[in-house]
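There are 2 protein chains.
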Amino acid sequence: MRKSSRLILALDETDREKALDIADAVSGTVDAIKINWPLVLSAGPEMITELSRRSDVICDFKVADIPNTVHLIVDGALGRGASAVIVHSFTGSDSMKEAVDTAAGRGNIYAVTEMSHPGGKEFTAPNAEALALVGVRCGVKGFIAPATRPDRIAAIRKVIGDREILSPGVGAQGGSASAAISAGADYVIVGRAIYKSDDPSKVAGDIADEIRTVL
Amino acid sequence: MRKSSRLILALDETDREKALDIADAVSGTVDAIKINWPLVLSAGPEMITELSRRSDVICDFKVADIPNTVHLIVDGALGRGASAVIVHSFTGSDSMKEAVDTAAGRGNIYAVTEMSHPGGKEFTAPNAEALALVGVRCGVKGFIAPATRPDRIAAIRKVIGDREILSPGVGAQGGSASAAISAGADYVIVGRAIYKSDDPSKVAGDIADEIRTVL
Chain A
1 MRKSSRLILA LDETDREKAL DIADAVSGTV DAIKINWPLV LSAGPEMITE
51 LSRRSDVICD FKVADIPNTV HLIVDGALGR GASAVIVHSF TGSDSMKEAV
101 DTAAGRGNIY AVTEMSHPGG KEFTAPNAEA LALVGVRCGV KGFIAPATRP
151 DRIAAIRKVI GDREILSPGV GAQGGSASAA ISAGADYVIV GRAIYKSDDP
201 SKVAGDIADE IRTVL
Chain B
1 MRKSSRLILA LDETDREKAL DIADAVSGTV DAIKINWPLV LSAGPEMITE
51 LSRRSDVICD FKVADIPNTV HLIVDGALGR GASAVIVHSF TGSDSMKEAV
101 DTAAGRGNIY AVTEMSHPGG KEFTAPNAEA LALVGVRCGV KGFIAPATRP
151 DRIAAIRKVI GDREILSPGV GAQGGSASAA ISAGADYVIV GRAIYKSDDP
201 SKVAGDIADE IRTVL
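These protein sequences, in sequence, are chains A and B.
Numbering-wise, the first sequence is residues 1 to 215 according to my numbering.
Numbering-wise, the second sequence is residues 1 to 215 according to my numbering.
Hints are computed from structural coordinates only; laboratory data are not their basis.
Take the hints with a grain of salt, since some may be wrong.
Heads up, the list lumps identical chains together, so a pair's fine if it works in one copy or across two of them.
In silico DSS-like cross-links for lysine-lysine, where the CA-CA straight-line distance does not exceed 30 Å [to be verified]:
hint : residue 1 : residue 2
1    : Lys196    : Lys97
2    : Lys3      : Lys141
3    : Lys158    : Lys141
4    : Lys158    : Lys121
5    : Lys121    : Lys97
6    : Lys121    : Lys141
7    : Lys18     : Lys202
8    : Lys202    : Lys3
9    : Lys196    : Lys121
Whenever a hint applies, use it, and build me the whole structure from the sequences.
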C-alpha cells in the first residue's frame, strides 16, 4: 500500500456492478479498497481478484478463529489477490501469530483491538492495551483504531510504536479525516460518505485534499 | 435441526467436489453440516445453497463485527440457505442482538464464548460467563462449548439454562462424543475424524452409535 492520499475506501456495497463502478471511479485517488464478507457472500470471492486489479485490497474479514482456520482464511484471501487481511486479537496470540506467518512475504496483517460501536465498550475497550500487545508481539503491520475517538488513537500509538494505524469512522460516523491524521493515524478509512455519494471520485478527492492540509 | 443422531459434521474440506461427496455420504446420518469461511473462499457462497439441499447447514462464520455488518452477513448466509450462523459474543450485546433479530423466523444464532485452542485462554476463557450471558440476554438458540473440557460444558450449562450446547473437539482433538453428551452437550461436532476417513459414512454411523449408548 503506497502512502499517498492516506485514504482507504471501505467498499461496503454488496452489488457487484455498483462495487466495480465505484472502485473504477476512486482507484486513482485512494491507497486501498477495504472489503468485508457481505460482498463475498453476495458477489463471490472472485471480487477480491477483480478489485485487486484496480487497487490494493484489504480484506476486513475480522478473522476470529483457531489457528488452522485463520491460516486457511488468510491464505485464501491473499491467494485471491488481497494485499492485507484484518484479524481480531482477542482470539489470542497463537491465532494472530498464524495469521502473520501465513502472510509473511505475501501481504500484511492488521489487528483489530478496540471497536468503535457501543458493544465494543463491553469486552474490547477494557482489554484494548492487552489486545494491542498481542499484535505487537506477533509482528502485525498495523492496527485499526477509531477515528471517532482521536484520544484513543493517541493512546494506542504509545503501545504500538511506529506500526501503522488505520482509522475507520470518518464521514457518516462523525469522525474527521484531518483530525484522525493529526492524532496519529497513518490512513483514514471512509465508507458511505464516498460510496453512497453521487460522485464518489469527487468526494474521495475532497477528503484527500483535506488530509493533505495537515500532512 | 432435528435432534436425531446428535452429530454435526464440521466439513472443513475446501475442495468443492470432495466436500459435496462427503456431504452426500453422511447426510442421512448427521443432523447438520457445519461449514466455515475457507470453503466459501475456495468454492464460493453457492456451496451454502448446494449443501443446504443435502442437510441443515450451520455457517460457522464466527461473526465479530459492528451490528450493520453482522446483519449483512447473517442475512446473506440465511438467504443462501443456511439454517444457522455462529456469532462471537465478545463484540458485544448490540452486535449479538442484531444477529438474533436478523435470524428471527428464518434461522438460528449460536454464540461462541470460550474457545478451545491455547489462545482461547488469553481473552475468551477469563470472560466466558459474561460472554455466555450476552447470548442468553440476546436470545440465541444455543452455544458452542469445547468437548475437550467436559467440566466447562457443565459450567456453561449453569449459566444458559436449557439452551442448546454444540460441542466441537471430538475425535482428532481428543474429545469423546459420549463424554460430551453425558456432560450435557446437545450435539457433538466432529470434523477430521469423519471427513478425512476413507469411509465417512461408516465413521459417522459409529459415532452416532456411540452417542446412542448414553442417551
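Hints, verified against the model:
Within a single copy, Lys196 and Lys97 get their C-alpha atoms only as close as 36 Å, which misses the 30 Å cut-off; across copies the closest is 26 Å, which meets it. Taking the shortest alpha-carbon separations for Lys3 and Lys141, only the intra-copy value of 14 Å comes in at or below 30 Å, while the best inter-copy value is 46 Å. In this assembly of identical chains, the alpha carbons of Lys158 and Lys141 lie at most 30 Å apart only when taken from the same copy (16 Å versus 41 Å across copies). When the C-alpha separation of Lys158 and Lys121 is checked against a cutoff of 30 Å, the pair qualifies both within a copy, at 20 Å, and between copies, at 26 Å.
In this assembly of identical chains, the alpha carbons of Lys121 and Lys97 lie at most 30 Å apart whether taken from the same copy (25 Å) or from different copies (15 Å). Taking CA atoms no more than 30 Å apart as the test, Lys121 paired with Lys141 passes in both settings, with 24 Å inside one copy and 24 Å between copies. Within a single copy, Lys18 and Lys202 get their C-alpha atoms as close as 17 Å, which meets the 30 Å cut-off; across copies the closest is 48 Å, which misses it. Proximity of Lys202 and Lys3 under a CA criterion of 30 Å is satisfied intra-copy only: 20 Å inside one chain copy versus 56 Å between copies.
For the homomeric pair Lys196 and Lys121, the shortest alpha-carbon distance inside one copy (28 Å) is at most 30 Å, but the shortest distance between copies (41 Å) is not.
In this structure, every one of the numbered hints holds.
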